[in-house]
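Student: Chains as they are written, first to last, in numbering that gives the first Met the number 0: chain A, 0 to 367; chain B, 0 to 367.
It should be emphasised that the hints constitute simulated quantities derived from the structure, not laboratory data. Be aware that one or more of the hints could be misleading.
Here are the computed lysine to aspartate or glutamate pairs in the EDC-like style, where the Cα-Cα straight-line distance is at most 20 Å [as the list claims (entries may be wrong)]: (1) K273(B) to D225(A); (2) K29(B) to D225(B); (3) K273(B) to E111(A); (4) K272(A) to E111(B); (5) K273(A) to D225(B); (6) K325(A) to D255(B); (7) K325(A) to E180(B); (8) K29(B) to D255(B); (9) K183(A) to E292(A); (10) K312(B) to D225(A); (11) K325(B) to E314(A); (12) K273(B) to E143(A); (13) K312(A) to E143(B); (14) K312(B) to E349(B); (15) K244(B) to E143(B); (16) K273(A) to E314(A); (17) K325(B) to E111(A); (18) K272(A) to D295(B); (19) K244(B) to E195(B); (20) K325(A) to E115(B); (21) K325(B) to E115(A); (22) K273(A) to E22(B); (23) K183(B) to E208(B); (24) K273(B) to D255(B); (25) K164(A) to E87(A); (26) K188(A) to E143(A); (27) K164(A) to E195(A); (28) K164(A) to E146(A); (29) K272(B) to E111(A); (30) K273(A) to E143(B); (31) K272(B) to E146(A); (32) K244(A) to D324(A); (33) K164(A) to D225(A); (34) K272(B) to D225(A); (35) K325(A) to E349(A); (36) K272(A) to D225(B).
2 protein chains.
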Amino acid sequence: MNVLDLATPCLVLDLDRFESNIERMSRFAKSHSVSMRPHAKTHKCVEVARRQIALGAIGISVATIAEAEVMAAAGLRGLLLTAEMVGEPKVSRLMRVMSQAPDTMVVVDNPENVHELQRAAATAGVQLTLLIDLDIGQNRTGIEPGEPALHLAEEISRARNLSLKGICAYAGHAAHVVGFEARKAASIKAMGQALETRDLLRRNGHTIEILSGGSSGTYNIDPEIDGVTELQSGSYVFMDVEYRKIGGQSGSVYQDFEPALTVLSTVIHRSQKKTIVDAGLKAFATDRAFGPELSDVSGVTYTFVGDEHGSLKLENPSREVRLGDKLRFIPPHCDPNVNLYDRIYCARGENVEGFWPIMQRATGSPYF
Amino acid sequence: MNVLDLATPCLVLDLDRFESNIERMSRFAKSHSVSMRPHAKTHKCVEVARRQIALGAIGISVATIAEAEVMAAAGLRGLLLTAEMVGEPKVSRLMRVMSQAPDTMVVVDNPENVHELQRAAATAGVQLTLLIDLDIGQNRTGIEPGEPALHLAEEISRARNLSLKGICAYAGHAAHVVGFEARKAASIKAMGQALETRDLLRRNGHTIEILSGGSSGTYNIDPEIDGVTELQSGSYVFMDVEYRKIGGQSGSVYQDFEPALTVLSTVIHRSQKKTIVDAGLKAFATDRAFGPELSDVSGVTYTFVGDEHGSLKLENPSREVRLGDKLRFIPPHCDPNVNLYDRIYCARGENVEGFWPIMQRATGSPYF
């Protein structure tokens, strides 16, 4: 089947570009002696995770208990849950994942949550490995660096079924800083707090083997920071409009990785006044100030005009756009964009080789 | 099971409010002699559609061929596809739906598409009923009113397997006009163009039995316009922050229908500086300038801070907010918000009675 015969709107992965992206990241990590535990929140797809592992990743980072369940059930190991598991049913679900994938690690940022996890781990009879989630400036989850983190480490060390293994320090605020030098400065400043806390914890007798961080924007910055042991970059597999805007070491477009993922859409209205495609705000992520970018015709801009509709402005189109044409768009922001689809169609050139399922939406498997 | 025991983030439907909403709309339509063909793009849920039909709706409007397939397979009839079916595989899929639900109608706005549909209908040996999609100011799909629409009607009348039955005139630009009187003026102006075109087509011998239009914002405006035969309102079943902002006939909050749908979320970080919930931009629609509104605590505002995270500002909270608390939020925009979930949990008071599946994402069933 040809790509242009697919039902639209749909997600299409260019396998050549995708393979080039994951191989490039793998080579980079190996040559810089940093481990990869890439983030599955980007793709929510077992098949992508398997290929990352095959190229040397030591595990997979996940953002939800549902992602952990899907990856564990598929046989993937070395899982790191980068969000706090607070309350039920999350904690019970985590214990069930532990019985399948005992090396699963989870982050923690609160003593109350340490006690909750200890009670559950004791009841389940498991040993749970934790990383301290450190807020190094993103102002989201995470405990403050320094003394608060040390007190949390002490709480963990008193919990019989919990083992502290390191620190998770995600500088989300640095990932999309525009311009390589500015981004480097932001990441070094943020990660500096993680290094200081690591040293403080070590001086107090705690084991800090792991310092996990990094994004697709800082993959080539963080390994130069002494002490970062692994990267959890995710978006590099697909890329998106947002990452292309941040600029590379040379040039205003970030081209270290190629845009491998597109949304295929059909022109369903074409008149003198209007050109409308069948991909709207249920087909593209809408969380950024910008929309998708057309990848195979230049001189055309896209505007959201409804759940199932986008409007094209043909300013200086590089080719004619006709009713029924199939057009490809680079998603504005890949993570929430992938989340809008049930599968990724895989294409080698223009030939569709098959599709990979994307896991269920939101909380995943029903709780009852 | 209690609502607060559900895995978060999840969609929760308050059944009492939901039933009150659909009963209220049903009573209104009956007393104003207008038919209901409510839009399933809002809910993408067979169980909701069945309840709308049970209360007297003459059919269901759908926005995609996948929605039509799901509704037809579930035995629902009187389907109206409010988007143009252009190109393959849409046209072939439409023919398969016709074999199951022969009274399915589809909109058309282009002579080229008329010819495409005629060829497919002839090959399939079916008679396809069309409505002309009229652009009455939304500037999305739709042919221009007046002569262009008349020419299209003439094309249809020459096509042996196609029958023109009416006009679809959706004034999406009027639906969210703030203030009842301003909204009424906008809708009357828009629908006036549909009435003129209807009269022009009738004078030229075309059958216009159906004039379909209306939104949840104009449900009590459009039936007063002579000639509107049916309403395709959708959002009234659930409501959202956006519709509440448009104002009612009295008062600045639109309260004709009650907010029946909420997203349940867990507080996963609580410290002096920050309060973070596990519902972010994969849990809420992000296509509007505003976020969700907390429904069970006042004096708190929500900000998106990531795919899986939202930050709460506790300005003047009406109660204490603690780690692990489950909080309910009214979605910013219900249609794309529902689209982020696999199921709607149904609650009677605080008791979860079960859940209704939401159909697949995007294009629906795989094309191969």
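Student: Which hint numbers doesn't this structure obey?
Tutor: Violated hints: 1, 5, 6, 7, 9, 10, 11, 14, 15, 18, 19, 22, 23, 24, 25, 32, 34 and 36; rest satisfied.
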